[in-house]
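Colleague: As a plain string of letters, each chain reads:
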Amino acid sequence: MTERYLILSDGTAYKGQAFGSPATTSGTIVFNTSVTGYQEIITDPIYHNQIIVFTTPTIGAVGVNHESYESILPTAKGVVVREVAEVSTNRQRSLSLDQFLRVHNIPGISGIDTRQLVRKLRTHNGLNASIVDVADEHAFDQLNAIVLTNQQVSQVATPRPYANPGMGHNIVVMDFGLKSGILRELAVRDANVTVVPYTTTADDILNLDPDGIILSSGPGDPRDLGQDILTTIKTLETRVPLLGIGLGHELFALANSATIQRLPVAHQGMNHPIREIITNQIMYAAQAEEYGVDRDSINRDQLLITHIDLIDGSIQGLRHRDYPAFSVQFFPDAAPGPWEATQVFDDFIELTGIRGEQH
Amino acid sequence: MAEETSQGAQTTAQLATFNQAEHSAEKTASVHQRLLVIGDGPNDFGHETELDAATYQTLSVLHKHNYDTVYLNNNPFSFSMENACGATVIMGDPSDVATVRQVIESEHITSIVPTVGGLTAMRTVEELIAHDYLDDKHINVLGMPLTTVRLINNPALMNQTLRDLGEPVITSQVASTTSDAFDIARQVGFPVIVKSVAPRGEGDRVLAENADQLDVALSAAFERSRTRQVIVDQSIVGLKEVSFEVLRDARGTELLLGAMEDMDPVGIHAADSIEVTPIQTLTDREYQKLRQAAFHVARRLHIVGVMHVQFALDPVLDNYFIMKVNPYYDRVSAMLSRASGYPIALVAANVMTGISLPEVRLSSRFAKRTALIEPVLDHVVVRFPIFAFDEAERRGVKVDRQLTTVQKSVGATLGIGRSLEEAMLKAMRAAHYHNRDFAFDALSKLSDNDLIQQLIHPHDNRMMLLLEAIRRGYQSDELAELTQIDEFYFHKLRNIYNLEVDIAAHSGSEEWLQRAKYYGFSDGLIAQLWQTNADAVMNQAHTAGIIPTYKTVEPTAGEFSEVVPTFYSTYELENESRPLADNTALVVTTGAFRLGDGAAGEYVMSTVISELHQQGIKTVVVNNNPNAISLIPQLTDKQYLEPQEISDILGIIDLEHPRWVFVPGNRLKLIGALRLRHINVIVINKDKASKAAQDGDQFLTRVVYHTNKIGVADPVEIAQTAYHAPTHRLVVDNQGVPGIDAEPGSMRQSGFYNTLFSAFSGHSRMVTTALPFPEFGLLNKGTGINWIRMLVRALLDKTTAADRRDFSQGPFITATRGDVEMVDIPVNLDTRWRANLPLAGAQFKLGAKINVKFPYEFKIIN
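Order-wise, the sequence lines are chains A and B.
Using my numbering, read the first sequence as starting at 1329 and increasing by one per residue.
Using my numbering, read the second sequence as starting at 13 and increasing by one per residue.
Calculated from the structure, these hints are not laboratory results.
Some clues are possibly wrong.
[Unchecked claim] Calculated pairs, SDA-like style, for lysine to any residue (alpha carbon to alpha carbon, straight line, at most 25 Å):
#1 B/K301 with A/Y1397
#2 B/K410 with B/N840
#3 A/K1562 with A/R1628
#4 A/K1562 with A/H1466
#5 B/K380 with A/I1633
#6 A/K1343 with B/N840
Keep in mind that this is a model prediction, so the values were computed, not measured.
Could you build all of it, start to finish, from the sequences and the hints given here?
Modeller: As C-alpha cells, this is what we get:
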C-alpha cells in the first residue's frame, strides 16, 4: 500500500493510501454527500478539473457497471474517500473502481478523515488541492502556482454534432458537458435526439427543426462562456420549447438578464427538499452546484421562480412568462438520484408536444 | 383476596361515575379530542424497549401540542407509564379488546394512536375494526386509514393490494387444510415458506424444504392461526434482503429515512441477520428503484407517519419482491434513528397529528428544517444479533443453532465506525462479553466438511466461520456462492483477516497498534494476537497517544453544523466531543439484551438517568443497544454509542471527567476496574432475576430498603411479595413470615434487597440478595411510588423530606392498591430453538405483564 498525500491550498496536508492512478493532479476540491452512485458522480463531466471528496465512508462496493457511465471518458482530477472496496461486478470481473481510475488516469486517496475535511470545506470555499507523493514545500508551491482553466466546457463538450435517433419528438441538446442521464431520459421517451456543440448558432439549430431544445448541464462558471451563447439562447427561447439543466439553467437565467453568484459553499448531494411552488409538492433530486441564480436580480416580468431548495433557499427552477421555456438547477435525469425528479422530462416533452400540434 | 378485588372494582366504579358526570356534558365537549395511545404490552422476542422509547417521545410531542392523551399499558417495565408527560395513564391490557373498549368508553376517546404499540396495538385496533366498533363510535385511527390497518394482519389481502398496485410480491396462497397446502407446495415447488393467517402472537415464517418439514410446519401454523388457515409462499431464499424506511405526511410529502441491508440473504430472519446501514452493495439504480417502490406503497396505504418495507432483491434478474410492510414504529425505525441521529419518533409523532413535514420544528440542536433532509451518513453502522444458546446448553438443553426464517436472537448490538471493518468489529465486541467467543482460532478444529455444511446452513457463530474459511484459503467468489452473501463482505472480512495476520506478526509495534485501532480491533483482540493482556495493550496505546476521537452521529454527513450530542469513537484526526460540565454523571446502561431482565434493566437505568437530570446533573450515557430507551436523546445530555468494555468506558471518562459513574451491579469486572482507578462509581445494585426459579416454585420475600442516609430505622421494609412462579404478587403483611434482620454481609451498599423465605418448611430464610431489576417494576407499579428515583436521591445525599415521610408511612402496599400481580409471560423458546428439553424458568423469560382485573388509572409519585 503506497502512502500519498492530499494537500490543500490553505497549507494543510493529509496522509492517506493511494489508489487509482499514481499521477499527480490538482483541481478544485468539492465534497458530495450522496450515499450511492459513485460511478455516475466520478464520470459526470461537471467534475472536470475537480477533486471529489465522498462523505460516504466506502465507495467501490458495486464495482463499475456499464449502465452507470455518465461519460465514457471521465475527467475528474481525483477521488478522496475513507475506504475503497475492490469489487468487480462486470462480466469479466476485471474492473474494480481502482482499476477503472487507473485506466482513466484519475488518482484516488483513501484513509482520509473526510469528516474533518468536509467540516473544513463547508467553511472554506474554493480551495484547490493536489494528490501528491510528497507533501513538501515544492508540492505546495506547485499547488499555489496553479492556474485552473476557465475553459472547462470547451474541454469536455462535444466538438461536433451527433445523432441519437428515436421515433418521437425531435430534440436538440446543446452540449455544455452533457451527462448520459439526459440522453437516457430522452431515450426512455423515444425522442429523436441531435447533440450539438454549445457553440452552434441559433440558425443552425433551428434548421434542424427541433420540437424542443435542451441546454445541458456542465462544469464551471456560466459567465465564462461569453455573450454569444446568451444571444443564441435568447433567440431560441422565443422560437422553440426549451429546458435548461444545471449550467444550462444558469445560462437561461443569464440570458434573461438575471445574475449569477458563486455560492458560499458548493452543494453536492441528493438529500435536500426541493419545493415545486405551483403544486407545493416536495421532491428530492441530485444537486451539484457551485453557482446559483441571484434571487434579487430576477426580472419578475420575464421569469417566474418555480422551484426552491428549502434548506438553503436557493432557486432551483425558473420559467419564462412569455415563452415555453424553463430550467432547473438540479439534475432531473436521476443518474444518480431520486427518480421523482424525472417528472421534469415529462413536463418538457409535454411542452414540445404542444408545439408539435401547432405545426 | 376478596377485599382487594372489591377495592379494584370500587376504583373502576368511581372512574365510571366520574365519566358519567362528564358524559352529561358531552354535547358541549363533543369537539374535544381525546387520544388513546395503545401500549406495547409485555416485552418479548423482537420487542425490547424501542416501543417504550417511541411512546415516551410521542407522549412528549402530544403534550407539547396540548393534546389530551390517555396511555394504556400493562408492561411493568414501561418507563413511559411513569413519565407520561401529562397523559392519563391507565393500567390495563392493551391486547385485550374488552379492556380497550372499556377505556375508550370511560375515557371518551375520540382517536386512537396504534403506531407505537407494535404489532400488539395493530392487532387490537384490527379487532376493534372487525366489529365495526370504531365506525359506530366515530373514532378515527391516527397514522393510517382503517382499511390499511386491516391489511397489516392479513397477508393475503396485503399481497392482493400490492399486486393491484403493480408491485411484485411472492406467489402466495392461503390453505385451510393440510392437503390444500401440499397441493400449493407441489405447484410452486419446494422450498416453500409457511406462515399463519391472523396468528396469535408474533407470526413466524417457517421454511420447508421437503414434505416432512412441510408437515411439521403446517401443524404448528394451523395451531397458531386464529382463523385456522395458513399461507404457503414460494420461497425466495438466497435473495438479497434490504429494508427501506420512509416517512409520509398528510400532505403527501415523502422522505426516505434510511435503508439497511442484511449481510445474510433471505432465509435468515432479518432480526438474526447482520445488518448494515447505509446500504453498501446496491447500485444507485437499485437503490432508487426500491425507494420509489416504498413511496408507492406508502402513498397507496395512505400512511401518515413511518413505514418500513422489507424487500428481497435479485440483482441478477434485476427484480425485487416486497416481503413485509410495517406502517408503524419498529426495530428498524429504532436502528435507523440511532444510526443517523434523525429523530424518527419525534417527527413521526408530529406528522401523525397532521403537521406537515416543512412545519415540523425540532429542537435548536438541529439545523433548520433538518426534519426535511433525507438523512445521509458519513459513518457505517452494523447491527449484530445476540444469541443466547449457550445459556440453554449450560443447563444441559440441546438447541438447534442453525439460523432460519424463525427469529432465534434475543437482542442486538450496534457498532459504529468509519469503515465497515471498524463498525463490524465494534458490534461484535459489544456482542461478546468474553474474548473467548471471539478468538480468531476458535474454529480451527472444525473439519472442512463441517465448515462447508455450516457455510451453507449458517449458525449463530457464522462471522467466525467466515473468517475461518478465509483463513483456510477459500476465495471470495466461492464463498459468495456458498453463502449467498455479497462478495463485498468477503473483501472486507479478508481485510480483517489480513490485518489479523499482520498485527500478529508485529507484536508490540506502535505503528501496527495504531493501524489495528483504526480498523476497530479492541485491546482484548490485539492482546490475543500479541499474547499479552488487554491492560498492557491499553497502557501502550495510552502512552503512545493512540486515543479515540469521537465523531458526531448526525444526519447530514457533515454538510451542516448539527450540534447533536451523540458520538461514536474512531481513531482519526478530529475529536468533536467536548466535555460537558463539572457536574456530570456517566451512566452505563444495560447493553445488548440477553435472556432475562434486559427490559427491566433499561427501565431501571433510564429512571436513574431521569432522576439525575431532575437533580440538575448533566448526564452522559454509554450503550450499544439500538433498541435501548436509555439512548434516546431526550433523556440525556450526551450519548455515546459504544461498546462497554473497560477501555471504552475509560476513554469516555478520560474525556468527560464525570463526577459519578453509575453502573448496574452485575458489571463486576467493570466496577472493579473503575474502583482500582479511584473513579467514583455508584453501583445500582441488582441480582439476576429470581434465582432462575422454575415454574411452580414458591417462596415469599420481604423487600427492604437499606441506606444509612435517611435517618430512619435501617433497613426499612417496604413490601412483601409472594412468588409462585411465574407470578409475583405484592401482598399485605399477613403471611406470618419472620421479620427481617440486617445481614451486614449481604447489604453493603445502599439499595433495595429482598430476603427470600421458602414457602414451605416453616418459612425458613433462604437468602438475601440485591433486589432483581424486574422486581422494581412490580414495586413501582404496585405502590405508585418511584423507589428507583428515591434510591438515586439517597445515593446523591439528596433525600427529601417527602422521601422520609413516605418511608415512615409503610407498609406501602396497603396505601395504594391491594393485590398487584406481575406475571412472567411464557416465551416459546423451545419451539424457536427446537430444544430437546423444555427451557423453563425465569432465566428464559423476556417480559412480564401486570395482571389487571379492571383497568384503573395509574399514578406514581416521582
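Colleague: Does each hint fit the structure? Answer for all of them.
Modeller: Right, here's what the structure says about each hint:
1. At most 25 Å may separate the alpha-carbon atoms for a hinted pair to count; B/K301 and A/Y1397 meet this at roughly 18 Å.
2. For the suggested pair B/K410 and B/N840, the alpha carbons sit about 15 Å apart, so the restraint of at most 25 Å is met.
3. Simply put, A/K1562 and A/R1628 have alpha-carbon atoms about 17 Å apart, close enough for the 25 Å limit, and the pair holds.
4. Between A/K1562 and A/H1466 the CA atoms are separated by roughly 48 Å; this puts the pair beyond 25 Å, and the hint is violated.
5. A threshold of 25 Å between alpha carbons decides the hint, and for B/K380 with A/I1633 the separation of about 22 Å falls inside it, so the pair holds.
6. With a C-alpha separation of about 54 Å, the suggested pairing of A/K1343 with B/N840 is violated against the 25 Å cut-off.
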